Amino acid sequence: MSPFDVVVVVGGVLLTLGAGFAIVRAEKGPSILDRTVALDIVVTTMIAGVALYAAYFRRADVVPLLVVLSLVGFVGSVTVARFAAVEPEGEGRVRTREEVAAEEAEKRRLEQQEEEARRRRRRAVEDEVRVAEDERRAVEDERRAAEDETRAAEDDAPVAPSSRDTIETEPDDEHHGGPADEETR
Amino acid sequence: MTPAWETAADVVSVICLLGGAFFAFAAGVGALRFPDLLARMHAGTKPQVLGLVLVLIGLALRLREGGAVWALVLVAVFQMLTAPVAAHMVGRAGFRTGKVRNDLLVVDELSRDLDDTQSGGPRRDEDV
Numbered sequence: 001m002s003p004f005d006v007v008v009v010v011g012g013v014l015l016t017l018g019a020g021f022a023i024v025r026a027e028k029g030p031s032i033l034d035r036t037v038a039l040d041i042v043v044t045t046m047i048a049g050v051a052l053y054a055a056y057f058r059r060a061d062v063v064p065l066l067v068v069l070s071l072v073g074f075v076g077s078v079t080v081a082r083f084a085a086v087e088p089e090g091e092g093r094v095r096t097r098e099e100v101a102a103e104e105a106e107k108r109r110l111e112q113q114e115e116e117a118r119r120r121r122r123r124a125v126e127d128e129v130r131v132a133e134d135e136r137r138a139v140e141d142e143r144r145a146a147e148d149e150t151r152a153a154e155d156d157a158p159v160a161p162s163s164r165d166t167i168e169t170e171p172d173d174e175h176h177g178g179p180a181d182e183e184t185r
Numbered sequence: 001m002t003p004a005w006e007t008a009a010d011v012v013s014v015i016c017l018l019g020g021a022f023f024a025f026a027a028g029v030g031a032l033r034f035p036d037l038l039a040r041m042h043a044g045t046k047p048q049v050l051g052l053v054l055v056l057i058g059l060a061l062r063l064r065e066g067g068a069v070w071a072l073v074l075v076a077v078f079q080m081l082t083a084p085v086a087a088h089m090v091g092r093a094g095f096r097t098g099k100v101r102n103d104l105l106v107v108d109e110l111s112r113d114l115d116d117t118q119s120g121g122p123r124r125d126e127d128v
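One line per chain: the protein sequences are C and V, in this order. The numbers in the working numbering rise by one with no breaks, and the one at position 42 of the first sequence is 42. The numbers in the working numbering rise by one with no breaks, and the one at position 69 of the second sequence is 69.
Hints may be right or wrong, so weigh each one.
Said to hold, decoys possible - Sample of chain V residues lacking proximity to chain C, with all beta carbon distances greater than 10 Å (derived): (1) Val85; (2) Asp108; (3) Arg112.
Stated by the list, open to error - Taking CB as the label site, the calculated pair distances span: (4) Tyr53/C - Ala39/V: 44 to 52 Å; (5) Phe57/C - Glu109/V: 31 to 39 Å; (6) Phe57/C - Ser111/V: 18 to 26 Å; (7) Arg109/C - Arg33/V: 37 to 45 Å.
Hints were generated in silico from the structure; no laboratory data involved. All figures in this text were calculated on a predicted structure; none of them were measured in a lab. By construction, the Cβ of each residue, glycine as well, lies at the ideal position given by its N, Cα and C atoms.
Could you put together the complete structure from these sequences and hints?
Structure follows, in structure tokens:
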């Protein structure tokens, strides 16, 4: 069967060239989807190669291999396409070392800015609380000065000032004294 | 089975196998030389369906056994079912991640429809 030998050689050369070109594209491909398409072509070429082998040796037992290969090609390309769907812009490109460094620096700078802003905000809130506390203390001093003059019925035990740190602009209760550390009895 | 019939089947089988191999070769060349993703997909689809069917027909004519031929039909049907799905997903992912070159498109109906949708409704698909 000499003519069939020639056919197998020619077909094998064609398949090899096709798979080789596809592999070159898979290496060059600018995005992951180009690589997927190229590898799909490689899998299809492999199916054709196995079919050529089976035809040459009249082997029907490698036919299940064809089923498996077509399954693998489908699952592979769909999976890669699914993951590429969430790929951000420019992700498929391999970055140089300088680009990676610049990106890292940019990210760190942004983080620092964020941290700085957070600290500034916290400081502003603390200042506000301090101003409110001063105000409250002034009001209280005034009231105590007035109280000292009459100094009559003594107070019940002062409540533990658990809510000192919160903003409390004016004292809402007239009957007990101020915070414990300012108590002079 | 007369020998004449077998010879004819072998000849047709040889032609089909060579045609399938040529399609695989053309797909490789196209994938290497075409300029953008959609064109490469176009090149890659040729051996996936037509080339594969040719190769399977050639193999079936060469094997001439019932069970093997049915398995080959199964492969062809499966490939015809799955190739559009894979191509659709690859094409959609490529379009949404900007791998499609607009200057090479003759008509771009998807961009127009997406613009209509986005100006009409709150749905934005850009990040998917």
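Cross-check of the supplied hints:
no., hint, in the structure
1, Val85, "violated, 7 Å"
2, Asp108, "holds, 18 Å"
3, Arg112, "holds, 21 Å"
4, Tyr53/C - Ala39/V: 44 to 52 Å, "violated, 31 Å"
5, Phe57/C - Glu109/V: 31 to 39 Å, "violated, 49 Å"
6, Phe57/C - Ser111/V: 18 to 26 Å, "violated, 51 Å"
7, Arg109/C - Arg33/V: 37 to 45 Å, "holds, 43 Å"
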